[in-house]
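Visitor: Listed below are the residues making up each chain.
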Amino acid sequence: MGKVSLLIDTSKCTGCRGCQVACKEWNDLAATDTTNWGSYENPPDLSASTWTRIAFHEVEGDSGVKWLFLKQGCMQCTQAVCVEVCPTQALQHHDMGFISLDQERCNGCGYCAEFCPFQIPRLEANAFTGQGKITKCTLCQDRVTNDMSPACAKTCPANAIYFGDRQEMLATAKQRVDELKAGGHSNASVYGETELGGLGRMYVLLERPAQYGLPENPSPALAGFWQKGIQPFGYAAVGLTLLGLGFNWLAQRRNSALSVKAQEEA
Amino acid sequence: MCAMRVSRRDFLKASGIATGSLLLPTSAALAAGEVPRFPLRKKVGEVTTICTYCAVGCGQVVGTLAGEVVNIEGDPDHPINQGALCSKGAASLQIINNPKRLTKVLYRAPGASDWEEKDWDWALDRIAQNIKATRDANWIEKTAEGKTVNRTEGIAFVGGSQNTNEECYLWVKALRAMGLVYIEHQARI
Amino acid sequence: MTNHWIDIKNADVIMIIGSNAAENHPISMKWVEESRRNGGTLISVDPRFTRTSSLADIYAPLRSGTDIAFIGGLINYILENELYHKEYVAEYTNASFLVNPDFGFDDGLFVGYNPDKRGYDKSAWSYQTDAQGLPLEDKTLQDFNTAFQHLKRHYARYDLETVSSITGTPKDALEKVYSAYAATGQPGKSGTIMYAMGATQHTYGTQNVRSYALLQLLLGNIGVAGGGINALRGLHNVQGSTDMCLLFHILPGYLNTPIEADQTLEAYLARSTPQTSDPNSVNWWKNYPKYMVSLLKAWWGEAATTENEFAYQYLPKNGADYSWISLFEAMYQGDTKGFLVLGQNPAVSGPNANMERKAMENLDWLVVVDLWETETASFWKRPGANPDDIKTEVFLLPAASYVERDGSVTNSGRWVQWRYKAIDPLGDSKEDLWIINQIMQRVQGLYATDGGIFPEPIVNLTWDYGDGVPDAEQVAREISGSALVDLLDADGNVLVPAGTQVKNFTQLRDDGSTAAGNWLYGYYTDAGNLAKRRDSVDKSGIGLYSNWAWDWPVNRRIIYNRASVHPVTGEPWDQEHPVIRWDAAANKWVGDVPDGGTPPNTIHPFIMKPEGHGRIFGFGRTDGPFPEHYEPWESPVANLLSGTQNNPVFKIWASEMDHKGEAGQYPVVATTYRVTEHMQAGAMTRNLPWLVEAMPELFVEMSRELAAQKGIKNGDQVTVESARGAVKAVALVTSRFRPFQVNGQVVHQVGVPWHWGYSGASTGDSANTLTPHVGDANTMIPEYKAFLCDVRKVV
Amino acid sequence: MQSRYVRRFSASERLAHWLHFLAFTVLLGTGGFLYMPALQPFTVGAAGEAARLAHRVAAVVFIVTPLLYLMGDSRGFLGSLRESFSWGADDLRWLRLAWRYYTQGANAEGVPPQGKYNAGQKLNALTQIIAFILFTITGLIMWFGHGAVAPAVFRWSVIIHDLSVTAVLALFLVHLYQVSIHPFTRESIMAMFEGVVTREYAEEHHGKWYEEVKASGEVG
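Residue numbers (this note's numbering), protein chains in the order written: chain A, 331 to 596; chain B, 244 to 432; chain C, 75 to 869; chain D, 1105 to 1324.
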């Protein structure tokens, strides 16, 4: 079956934060204590109890001020670093194209949180024992595998969040970007078509990704190095050592036999 | 209770519309069990209502379990919001399940520094007595020029925009019958 | 709204002015986006660059309180460039009517002004009429005395330069807005105006709205799909509570409250029922007696007889303005002893809140019905108050939430929609119907047993809702109306059998044979409860959804829709978005429920006006037939257009707590507003953790320039102070607010949301401690949206 | 009468060694769960949480043991440290001829006599010291640095931690082989159980040291 994707059209987002609250409502996530820090934006970051939120970016340009809103959350990468580094398979590629999370399997190692190029998964663990479970947007894995839209997509008042077949989402995104460019938004682009093998959460951006705080060229960073370099290297090093020791044992036995023989001969 | 039941089929059918007319994975494929499913966290909703915030009048579905509300989300069949809700509407569940909700009649005696709990009967009787006493003591039957006006300016009323039409109507009817003229509400301010 | 939410999608141009729809009516953006998807243009006019502005194709900043200058300039632009819908203006509006030659205007004042009374003698604000009393017309619009020529002369003064100097809007932004919006004057094009409290909360708020109406009439945008003048109402049933008329001046269905002069029903009806001698004018309000008598029968039943004027004398007669501000001024003076508060929070929402809170200290008793312990309920223990000194007896009654009771609510598009009870009320909380039923039964009981002054209206009141929770549908049936005896048609056939619901208000009668609590609300007929209808299929093609719920009046989704078609042919101006169309073959209208079902070219479209025409010349208002720019009560600048600084008509109060701020001490313009995440006075949102998390604290938005001048950094704690109070808030320093260039002077503006108070989970100072106790000249809506303040950093 | 044995490790040295050994093996095991996909069942859910907790407990022992040793027996600790850092021509030569030493024995041709630790042991000790420092720093970063340090710092910590374990594990295996399997050297394990080695062993494998011990008259 085909992959699904979210498509977030930032040119339509009103920053109402319906998605932010609907996510909490469906997933039973608690509110956190916040203060106004000179912005509409709150909570100030994703967290164990905030899986999606709107980041507000005020940008001054030649044509006046712009207020850009970006819905943050799991990018559902095809080349998913979190899945690669997860030792427990708590994070897995789901057939529908998102990264599912089974908290029962998670042991709280937090590698996914640290290796994610978008810093999406969050671990709120006991500082001493390290005990905790990873959290992240699962694309409402219970809803989408039961024929429903994710809570955020369903609740979006402005039709800024689409959900559906990824190829169709991509076509919609490209068409929208063409429209925006024709309307004078020369920086409009699709984000997520090819990034990390293609994201299951794509954006239509009005401005450059950096203006929304998105990495221009997200990469798995050291995750590949770790998984594909260091670990095999470790096995090789240990294997070679054992091999060396084996040779050594054989060699000394041969020498010992020779020396015994020499003594006998003497 | 006479409640509009939303069939699951209708709900699912319409939830596609709610996402900007797009495009759920075909239910056939899912029904065939091709992908792992996760059980739904909660009941979506079976009773319809209208959001209690602004006057767009968005439809909501309310999911209940054992007499408690477990979920409120947008009504996908509703032509205005098509399943959508803003941050306030999406937070509606916390209106119902909220420790700050009043659950007792509270009374503050003149000069008292705190509330005390009372029962309804006591409070309602006392309110009715107050209304009568104040109305009768502040009754204007005629103006200085002798025009019959039959009103009281001693009692004022504000409110209603949070109420249903039927509630507003009964209040208006009762208040005017009691001779009140200071009747105002949110529409003025 | 003349139109409705979904209809926004049909608009070619959308002007959101005096509203921040994206933040306060977020779902409306679904339909704004739909319009834009089809090539529509979105204009946002706001002092501050808002979440709405962030989506707009054109953004124009304007200084708070200068809408009339802004729209006046647009009217002038349209007239100068002849961009108005000529046929529509000539046929459907009173532009062609000749105005009394005595009418005039000079230096900000219309003819007839009396400074001592702060009022107008409006006798010269009238039409010239012929012997039959019909207005004289010049369809060429060229006569000096036509309303059109008056209009032209009036707004000729609103040239681009002057408007820009008043509003502070850059000229290029003005031109962009004007040219985009004026383009909707072309027949077949539509423009809609979405407005809210940014328009109404001024001492000339009604005239702000009038200016929009005028504009829409000129462009032929009233009655058409994607047009209209659309008040985006704030609360889920503020439309219904207005229709039910929990307001001092009206009774259910917008019937006048009797005043002292109305000593008899006859006098009352004579004053209230408009007359016309124009056979083509429907003059709908000619039915006034039917609606009033039906109301009286609904209320007093058997006790309402022809002999006793249908119990008309049971109704109190108003002797003054009893509107909100007056109410609290009276309370402040100690004239009010008892106070009933139903789901409302005046301690936070009323203007000059310090005064309104103080006023409540004079009460003997207070009853608050609410879901929460509101600031109003706990006013006696508010910061700074000493409960020992406050002798008010307070009852706080726990009410059921919206999913704990049945009933209908009416949205801004007049859709009456049913809510179903999902669970029982929490704890000891009770349904509102139960509460009012219990109170009224007990009051009735007291008067029945103990007697008292003038008990008849109380003991004779039809009040038969049982002892439990009253059935909302029973009340709905009473509101909608029924026949008390068999209603016969002209031939003597039974039209409506006794005891059954009437089809709609056209079956109501003035002889006591029908009862209807609110003639406008015919939502419960023999077909059942129409508010429950859920047919989500739209057959109209323009999103009317005529079988979803029920819309007043008579399920008409777009009102004044007879103006959406050509007067002679009945063909829609806009063939793509026909609201109604005359089907000559079938000899009937198809589409929406027409405003009058007679064939084309038989009636004037504006059936609620006795002359049947939209009023370019609008003599009904207290403060002038044309909107004229005045400055807010508190303003840092002089009126550039005339020597009349303020609206000359609104009432100025003079208690010791009614202070006026001067620009010397308070140089900064301030406005109040709402944010998406909170509702009104906040009880419904400040107690919800998810919403508090998203928007935790009171803030004040200001420009970088003002912040620099005041030494304020983003995130600083600051004090905002007016002549009436001060609030502490977090400074939100932003490029979204810009200083205004007003006639060569820099005017700074700040904005404060008004949701906070001292009760609930998230507390903070109330912005309404800053706002003045003055209101609009017509409606008395307070001037929340433009007043003076100063800001300083808390050190 | 001259004893057959020469004292090689004090009780505190032995205690420290075995504690460290214990901690290391626990760390190795629990860390390995995260490292090796084959061991995944041990990492999932509660088992994994327990493993991670054990890793932390062992890490504390691992870090604290040398410090306790330093406090309890600073002379011995510093002496061993000094020994590990003092390298001479014989050490380098020994290293060149290490294969000969390990296949033909300490008396093989050209293998120079060694001090208390031979060059291989010194190399092991140095690696252990460096790895200890890296383990501690990167481990603490991974333990307490969640969300506090830049992701890159964390990521590099994981990599350095793993590289360190690779190096240490290789030497650990060699060490284990030496003291338990290799016929020439396995006798030396006695030093870690009883604190002594035979005079013959000392003379043969650590000639220089044996001479020093003899000269100091401490040979009991």
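Read the hints as simulated data drawn from the structure, not as lab findings. Each hint should be verified, as a subset may be incorrect.
[As the list claims (entries may be wrong)] Rough simulated footprint, nothing fancy, chain D against chain A, three-plus residues with beta-carbon under 8 Å:
{"#": "1", "region": "402-409"}
{"#": "2", "region": "413-426"}
{"#": "3", "region": "484-492"}
{"#": "4", "region": "553-567"}
C-beta: ideal position from N, C-alpha, C; glycine also.
Visitor: Check whether three or more residues of the region 402-409 of chain A sit with their beta carbon closer than 8 Å to a beta carbon of chain D.
Guide: Result for this restraint: violated, n = 0.
Visitor: Okay, the region 553-567 of chain A and chain D, do three or more residues pass the C-beta test at under 8 Å?
Guide: holds (count 8)
Visitor: At least three residues with a C-beta closer than 8 Å to a C-beta of chain D: is that true for the region 484-492 of chain A?
Guide: violated (count 0)
Visitor: Can you confirm whether chain D covers the region 413-426 of chain A, using C-beta to C-beta distances below 8 Å and requiring at least three such residues?
Guide: With 4 residues close enough to chain D, the hint holds.
When held up to the earlier numbered hints, the structure conflicts with 1, 3 and fits the remainder.
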